[in-house]
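Visitor: Here is how the chains run, residue by residue.
Protein chains: 2
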Amino acid sequence: MTSHIHHMPRASTKEQIVTAAVETLHRKGFNATSVEDITNAAKVPKGSFYNHFKSKEDLAVEALDRYWQNMQTSLGLLSDEKTPPVARLKRHFRQLGKVAREGGYRAGCMIGNMSTEMPEQSRPVRERLTVLLVAWSCAIESCIKEAQADGSIRRDIDARTVSGFLLNSWEGAVMRSKVDRGAGSFAAFEDVVFTVLAL
Amino acid sequence: MTSHIHHMPRASTKEQIVTAAVETLHRKGFNATSVEDITNAAKVPKGSFYNHFKSKEDLAVEALDRYWQNMQTSLGLLSDEKTPPVARLKRHFRQLGKVAREGGYRAGCMIGNMSTEMPEQSRPVRERLTVLLVAWSCAIESCIKEAQADGSIRRDIDARTVSGFLLNSWEGAVMRSKVDRGAGSFAAFEDVVFTVLAL
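If you're matching them up, the sequences are chains A and B in order.
Mapping of the first sequence onto numbering that gives the first Met the number 0: residues 0 to 198, in sequence order.
Mapping of the second sequence onto numbering that gives the first Met the number 0: residues 0 to 198, in sequence order.
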């Protein structure tokens, strides 16, 4: 039995650290989290950290990538071709709002949190944020373009401009939901955006 | 001459600390700033801090109030009755964008920064943020209502809802300007908002 247990697949130390970092850095932010907070949460020895990461900053970049992977369910809704593009946009933001609600509006969006906290402090984090924000914005833009083509969204504003605006506005709504501990800003976002964009 | 100099009004230690805190907390955030960082910036002895403030958290609330006072030039533009309401809104956001540009887009908005970083960590900061955000939103709402009354802004969305949305969207644009180190998000905000709200 013991040897059987030894053969069970086990998360690597590095994987345990990344998983713990996504949760801890998302919830507490970069500067309020120590390496020891992360290794404690990961239940690994503090000394093992530097076998896998050069620095907390290095880990933060990896944690952002993992957060992005974890967002794929929400992001996938934007490219679900069985659904009309406006409905896809609504579902995308509703799904993100649902995740925020389930977390009691306490953590916000890790990408938004890092965008506020880190650009001046870390160039690698800032550069990774740019990549993720551009990718997210492009996914929104595909929906906007389809919706403009099928006549469900107004065509008098450039699709790329609207997409960047929607993403930033969503991040602002998430920021506000942390202060309010409620979904009022999400409701206002959906109400205003889908009223004013309708053709 | 010397006695003359002695009679010149001189900033109190407390005032020096608050002034330094607004700058330091705004630029670096709460958790990346130590009490010593603030007393160093204020050029006062570290020991003097606790004569004036119970904690860094206590000072953060006071720094937010001072930041709000410093915003009065931008906020005053919203109630300038010589200017049509839509132009007032534009001037308000342009003025805030100008301040951000002058700072190289590095610091963002202190209210937005604290809204992202602090709600889970500090109840007094979160409560002060609520007060300031509601006051700001109300000032925007007055313009929106006037603009709806004079027919320059569409009337099919509730003024309070639009105002909250605009404020949150602005904060999202500021967040993005830190990552981009540029004004693209401000341009998108102005372009989209004033196109879609026009009657």
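Hints in this document: simulated from the structure, not taken from any laboratory.
The reader is advised that the hints may include incorrect statements.
Each computed DSBU-like pair below joins lysine-lysine, with the alpha-carbon atoms no more than 30 Å apart [stated by the list, open to error]: (1) A:Lys89 <-> B:Lys45; (2) A:Lys144 <-> B:Lys89; (3) A:Lys42 <-> A:Lys13; (4) A:Lys89 <-> B:Lys97; (5) A:Lys42 <-> A:Lys27; (6) B:Lys89 <-> A:Lys55.
Bear in mind that the values here come from a model prediction, so they are computed numbers and not experimental data.
Visitor: Looking back at the numbered hints, which does the structure fail to meet, lowest number first?
Guide: 1, 4 and 6
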